[in-house]
Amino acid sequence: MQRPHPPRRLVLGSLAAAGLALCGLPARAQADKPLRLGFSMARTGMLANATPSQLNTYELWREQVNARGGMDVGGVKRKVEFVMYDDQSKPEQAVRIYEKLITDDKVDLLLAPWGTPFHIAIAPVLEKYKFPMVGNTAASVALRQVKPGYIWFPTSAIPDRIGVELTAFLKANNVKSAVVIANVLPFTKEIKNYLEPELKKAGIEVKMSAEYPPDVKDMTSMLTQAKQANADAVLALAYPGDSVLYAKQAKELGLNSKFQFVAIGPSDPFFPKAVGASAAEDVVTIAHWSPRPQWKGSQPFYDAYVKKYGEDPDFLNSALAWMSLEILEKAVAQAGLDKAKIRDIISKQTFETINGPVRFDGVQNAITPTAFVQYQSGRLQVVWPKSIASSQFKAKTGW
Amino acid sequence: MPVADVLLSGQLLFAALVTGALYALVALGLNLVYGTMRMLNVAHGDLVMLGAYAGFWAFSLVGVSPLVAAPLIALAGAGIGWGLYRVLFRRLLGGFGTNSARMEGNSLLLFFGLSIIVQNVAAAAFTPNNRGYTYLENVVHVGNVAMTVNRLAALIVAGLTCIGVAFFLGRSVLGLAMRAVIERRDAARVVGVDVDRVQATSFALGFATAALAGVLVSMLEQFSPFSGFQFTIAGFIVIILGGLGNLMAGLVAALLLGMIETYGVALTSANLRSVLLYGLFVLTLLVFPNGLLARSGVRR
Chain A
612 MQRPHPPRRL
622 VLGSLAAAGL
632 ALCGLPARAQ
642 ADKPLRLGFS
652 MARTGMLANA
662 TPSQLNTYEL
672 WREQVNARGG
682 MDVGGVKRKV
692 EFVMYDDQSK
702 PEQAVRIYEK
712 LITDDKVDLL
722 LAPWGTPFHI
732 AIAPVLEKYK
742 FPMVGNTAAS
752 VALRQVKPGY
762 IWFPTSAIPD
772 RIGVELTAFL
782 KANNVKSAVV
792 IANVLPFTKE
802 IKNYLEPELK
812 KAGIEVKMSA
822 EYPPDVKDMT
832 SMLTQAKQAN
842 ADAVLALAYP
852 GDSVLYAKQA
862 KELGLNSKFQ
872 FVAIGPSDPF
882 FPKAVGASAA
892 EDVVTIAHWS
902 PRPQWKGSQP
912 FYDAYVKKYG
922 EDPDFLNSAL
932 AWMSLEILEK
942 AVAQAGLDKA
952 KIRDIISKQT
962 FETINGPVRF
972 DGVQNAITPT
982 AFVQYQSGRL
992 QVVWPKSIAS
1002 SQFKAKTGW
Chain B
330 MPVADVLLSG
340 QLLFAALVTG
350 ALYALVALGL
360 NLVYGTMRML
370 NVAHGDLVML
380 GAYAGFWAFS
390 LVGVSPLVAA
400 PLIALAGAGI
410 GWGLYRVLFR
420 RLLGGFGTNS
430 ARMEGNSLLL
440 FFGLSIIVQN
450 VAAAAFTPNN
460 RGYTYLENVV
470 HVGNVAMTVN
480 RLAALIVAGL
490 TCIGVAFFLG
500 RSVLGLAMRA
510 VIERRDAARV
520 VGVDVDRVQA
530 TSFALGFATA
540 ALAGVLVSML
550 EQFSPFSGFQ
560 FTIAGFIVII
570 LGGLGNLMAG
580 LVAALLLGMI
590 ETYGVALTSA
600 NLRSVLLYGL
610 FVLTLLVFPN
620 GLLARSGVRR
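Chains as they are written, first to last, in the numbering used here: chain A, 612 to 1010; chain B, 330 to 629.
Treat the hints as calculated values from the structure; they're not laboratory data.
Computed from a predicted structure; not experimentally measured.
The reader is advised that the hints may include incorrect statements.
[As the list claims (entries may be wrong)] Restricting the straight-line Cα-Cα distance to at most 16 Å, the calculated cross-link-like pairs of lysine to aspartate or glutamate (EDC-like) are:
(1) A:838 to B:334
(2) A:811 to A:771
(3) A:782 to A:843
(4) A:741 to A:955
(5) A:741 to A:710
(6) A:787 to A:807
(7) A:884 to B:550
(8) A:941 to A:683
(9) A:741 to A:949
(10) A:828 to B:550
(11) A:884 to B:466
(12) A:800 to A:822
If we strip away everything but chain B, and leave its shape as in the complex, we get (with noise of 0.2 Å):
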């Protein structure tokens, strides 16, 4: 295919923009987590695989629509981390007091062991069979553009979410009051803001998220116990090419990662998408330590 065809081609930029929404709101949960409280959830993914497994159940055990059934599921979400919070991780950022690293190290061994007990019951509980299901399957053009109804749906979700959370932290008080906490944390407590409930609430929507991609996950692809690790791992790149707490740039990371995987593999092969993907990435870190969009001077 011409190079000039290659980037004009609305279908590719389709697949771009699905690809890259999803990434997008993986990432955005991942990195509210990390973001407030300096924890890095290695067990993000397999959140979004039990997301998948309430979308799948709930569409063909009770015959409810992944889309009806996805706030519901995201509620959910949002409640288990709340618990969690709660009663893990509140805990433990009390014993630390100051001593981040420590805490840093913790967490992350703590969500390594959620991660594999997660993976583990969910094989026990569910079989470790490759899930999957037809929803929205029908085709659409527009123009010369192809869509499948599922994969369009996805997109708009995915990419209303973010904007929506992007308002929110923006516009409303307890998003302010997160931002102040992912930014100076000591200088929000300082100013009155009440840090454990911005954890909680991070905690509460970052779980959501994740369990909402699940769902989305869920109509496009087959999955399993153990397919959640993929969605840690793209959600870690993005977040650090964006710049660890940065929110507003990891949802343009995401983009980019999404266009890399498109374009990219268009332009070249798609035997190089690794090549691609972890080039960008080592030559980021390199370039730009501190994500590619960091602002400098202001973070940390």
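So here's chain A without its partners, still in its complex pose (with noise of 0.2 Å):
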């Protein structure tokens, strides 16, 4: 199933587009004509739950680009649409999609698909071509050994950084002890292994350690026993799936320690509706934007995506795919549509975006520290670290 979306409406742009092309002057044949940017995304399939708010981002953007004339490339304004194909959740699938958007489709420019293993796979694909492209939603020690040069990674969660970070923020509101609980799907499991052996070198007890599968069903004994060790707190090393299980049960058995992190899932809006605002309050989990003044845009990209869609962004996801469009707009406007100019922009310039500036050091963001959030009444707020912080840590009392 490789239909772009929304095909109908594509093709008879790009007639329009393409009619008045051979009407008008040849000089403003290019201006007229549509810029296309392509990208697979998983629409269907095991992960298609993890898109929307990726998705809804760039929709809104190519909506904003388009009231305001169009995407600035090279001094004129074209304006964008889409050739989005379904990867069906597979990392192969998106590596041929990305060879034909390339190839066949012949794209002006590519964004990102959803997740680490799509980015890793289409890496070389972007290299073969020598097509730059900006990734998002991606993270994991393992995108270092991804070679520079033709995608970047604006994400600071990368695991090792949270393990030392974490460790940090735990010092730093004096917690002795902690129970770590760990889905066993990479990235999580990549946070395991770089957080033990920092909370050990800083004296924080791990009383209990457990590792969980992907389709755990319940979590009553593994909870039970952590309550049991009774520890300042839990790190829930959890899947979106899994953190609404994890907030649930914990709520059930009482699981009451002040610090309670869980890594993947708060971020998204999904997650307070189905554990309640009361259980989804105090609760810890990564991501490094919240709007705040000092970040010019933060808050109208904010305001704009509650309006359009009826629930906040994904403070994670949604920030990063807003902030790699920013990065490529920049690009754009000052090289236009040469590769290598882009490519050499992107390396070297530092860009303003809604979560700071931006400076890439090989393939990764050398400026945006990693960064926890916290829902407080409601919203999510930066509490760590201190120097992008939006509000201050407070304990959790109870779910």
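Could you use the hints to bring the two separately framed chains together as a complex?
Here it is in structure tokens:
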């Protein structure tokens, strides 16, 4: 199923643009032709439920760019249209799609797919065709193995840094002991591997450490033990699916540690809906963004997203997606569609984004600090590190 | 935790019963359709997913309690099952006469297609977002066992439904006819059982229990258009453990599965969940190929 979406509008749009181009003056031809941006997205399959916050962000951006006359391509404004394919939650499918986008659809620019394995899988394709793409929703120490040049990762939520920063955060809040439970999927497993040695180094006693499979259906026995451990902090290295299970069962069993960290899931607006606002309150999770006056455009982005979709953006994935678009937009404004120039600009310049300044060192963001957010009065606030905090950490007083 | 504490913990028993009861309800519908028609409904989990959406929309859009909406949603499920049987499957069954092997293969493809259509239509219509809501989230304590009210409610509803269906099969004429068709299809026809009516009923009942299970699931966990598959798999494991088409054994197998998921994990490690589950599954197939509780010499 490789259907561009939405096909009819795209075809009509292209026909209209082509028609205009034929009638108009040659110099205007290119400006009238819409700029085509291609990407794949998991619209079906096991990961499809994780992708809407990223796709919504892309669509919001397209709407805003087109409303202000189009994307600035080296001084010429061109309307933007998307060429999207469903990768069916399969990285190998994404590889084929990106090849097709470059060689067959001949898109002007590429946007990122969802998720770490997809970014890593398509990196060689970008390299092969020398086609630069700003990544977004990918986080792993494995990203550092990706050859630098044509792909960049704006996130600072890399597991080894999370290990160091989370430990410092716990220490600063006087946490003496912790329970670690971890989903064995790659990202959380990586965090566990980097986090536990850091905790030990810092003298935080790990009273219990357990792993569980992604298809876990019941956590009663694990959380009963966690409760008996009576630790200051519970570090639930969970994925979106089990983050809800954890919160619900921790509530049932009265697992009331004052520091409740849930790795992935709570940054998505579905979390407070699924577990209830009071249960979500004071839960700490991974993200490095929240609207701040110091970060230009962050509040307008938040407001526009909420207005269009009626719910909060994902504070990690939506923010990253928007940052990647801001970076691409600024590079293309200077370089036009010259791929080598785009690549140079992204590699060397510092970009102002809704998450503050971003500069890449190799494939990685060298500026944005690794950070954590907490639900406070129903809103996520950056609570660590202090340099970008929008609020102070509060102890969780129950579910 | 010491072994004795694990085994005697009421908290674990509660968790095992909730999981087991939901599995039982899911597997019941799957088994009814398989038993009466030898059709393996691989779209069964997707029906559970649709039931979950129905419960979710009823609660979030209309503000109706999922427990109140549940009978109506089950009824709607029954209607869909009955309609599908009349429109699609009766023709299929009729076309093959006694060639049941070919019919089984074709129905598998048909259900597989149905599953893909249902998933993708649901994704297009409802977006692939995770959904969830909070209903009866308060915790009650009975002795030293803490129970979230919605889990308790799900346990009661699923348990009562299974018992109700068991009574229906054991006591009512139509239920007995259904069992007759399951055990000796041709003999049932000879003694005058309206096989067509039995099949339509089992389709309706199978779909209704799936939809009901979906509503209960929606109260407990989050779901998306693609979360049906896990229920299909759980249902398969249960009915193969119990013996295909053997309804009562399926209920016992479901509880057993719930026990393994909770007690097995408590005694070993959560990481061994799949090993325990599929280990038991393979072992059962090797030692009791007709199911754990099959009566020897009776089945096929």
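Hints violated by the structure (listed by number, smallest first): The structure breaks none of the hints.
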